[in-house]
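Produce the entire structure from the sequences given, and follow the hints as far as they go.
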Amino acid sequence: NAGVTQTPKFQVLKTGQSMTLQCAQDMNHEYMSWYRQDPGMGLRLIHYSVGAGITDQGEVPNGYNVSRSTTEDFPLRLLSAAPSQTSVYFCASSAGDNSGNTIYFGEGSWLTVV
Amino acid sequence: ELKVEQNPLFLSMQEGKNYTIYCNYSTTSDRLYWYRQDPGKSLESLFVLLSNGAVKQEGRLMASLDTKARLSTLHITAAVHDLSATYFCAVDSVKYIFGTGTRLKVLA
Numbered sequence: 001n002a003g004v005t006q007t008p009k010f011q012v013l014k015t016g017q018s019m020t021l022q023c024a025q026d027m028n029h030e031y032m033s034w035y036r037q038d039p040g041m042g043l044r045l046i047h048y049s050v051g052a053g054i055t056d057q058g059e060v061p062n063g064y065n066v067s068r069s070t071t072e073d074f075p076l077r078l079l080s081a082a083p084s085q086t087s088v089y090f091c092a093s094s095a096g097d098n099s100g101n102t103i104y105f106g107e108g109s110w111l112t113v114v
Numbered sequence: 001e002l003k004v005e006q007n008p009l010f011l012s013m014q015e016g017k018n019y020t021i022y023c024n025y026s027t028t029s030d031r032l033y034w035y036r037q038d039p040g041k042s043l044e045s046l047f048v049l050l051s052n053g054a055v056k057q058e059g060r061l062m063a064s065l066d067t068k069a070r071l072s073t074l075h076i077t078a079a080v081h082d083l084s085a086t087y088f089c090a091v092d093s094v095k096y097i098f099g100t101g102t103r104l105k106v107l108a
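Read top to bottom, the protein sequences are chains X and D. In this text, residue positions in the first sequence follow the numbering used here: the first is 1, and each later residue adds one. In this text, residue positions in the second sequence follow the numbering used here: the first is 1, and each later residue adds one.
The set of hints was computed from the structure by calculation and includes no laboratory data. Every residue gets a Cβ at the ideal spot worked out from N, C-alpha and C, and that includes glycine. There is no bait here: all hints are sound.
A few chain X residues that face chain D, going by a derived Cβ cut-off under 7 angstroms, partial list only:
1) Gly-42
2) Leu-43
3) Tyr-48
4) Thr-102
5) Ile-103
6) Phe-105
7) Glu-107
8) Gly-108
Restraint-style ranges between C-beta atoms, simulated for each label pair:
9) X:Gly-3 x D:Thr-20: 26 to 36 angstroms
10) X:Asn-65 x D:Lys-3: 17 to 27 angstroms
11) X:Pro-8 x D:Pro-8: 29 to 39 angstroms
12) X:Ser-80 x D:Lys-68: 42 to 52 angstroms
13) D:Arg-60 x X:Trp-110: 26 to 36 angstroms
14) D:Lys-17 x X:Pro-39: 24 to 34 angstroms
15) D:Ala-108 x X:Asn-65: 41 to 51 angstroms
16) X:Asp-56 x D:Ser-51: 18 to 28 angstroms
17) X:Ala-95 x D:Thr-27: 18 to 28 angstroms
18) X:Asn-65 x D:Asp-30: 29 to 39 angstroms
19) D:Thr-28 x X:Pro-8: 37 to 47 angstroms
20) D:Gly-40 x X:Pro-83: 18 to 28 angstroms
21) D:Arg-60 x X:Pro-39: 26 to 36 angstroms
22) X:Thr-102 x D:Met-62: 16 to 26 angstroms
Quick list of in silico lysine to any residue cross-link-like pairs, SDA-like style, CA-CA up to 20 angstroms:
23) D:Lys-95 x D:Thr-67
24) X:Lys-9 x D:Gly-40
25) D:Lys-41 x X:Asp-38
26) D:Lys-95 x X:Gly-58
27) D:Lys-95 x X:Asn-62
28) D:Lys-105 x X:Met-41
29) D:Lys-95 x D:Ser-29
30) D:Lys-41 x D:Arg-103
31) D:Lys-95 x X:Met-27
32) D:Lys-3 x X:Arg-44
33) D:Lys-105 x X:Gly-40
34) D:Lys-95 x X:Tyr-104
35) D:Lys-41 x X:Thr-112
36) D:Lys-56 x X:Thr-102
37) D:Lys-41 x X:Ala-2
Quick look at the structure:
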């Protein structure tokens, strides 16, 4: 049972570089989302998707792009990394059918921008 | 904009004591979730509350939901060291918004 799989687990970037955090789920979940977690800030929603082809902004979308071409995958792109984007990133998914389904989280991706 | 607030942010308590963590939210929703996070780890689901008056219990933890007051509580009974973690509530309103978390430390 893979659940939600995030890669890479650790990454160091230089300021201005671009990269993509990958997220895949094998539970046929419609809802997927990305959060960032900074010390003392809890989890803040970056972008979310309620189904393939549909994405929307969360609380802190600036500096990040997403796309949802398939139900399984929801990659997060940093176009020009900044030190302020140093954080732990979590991908999450849920059945998203408004019946109150548990959100499943990936293991997290630790990103450092120097 | 949906806001989810938890208090306290930090809680240090002795083993054997009882305490309650509060989660307030700013919009109408009848779906509230509680999660636990250990240091350096991902989030683990604890409770899913789906209606006004819902109460769920697991071991020393009990969660409740009052949708009219827009308030959920997580009650800890006779705390033990293994409960030391950060606890998050989350509200489902199309998207899932999390509270800031409550860092709990149980002292022997």
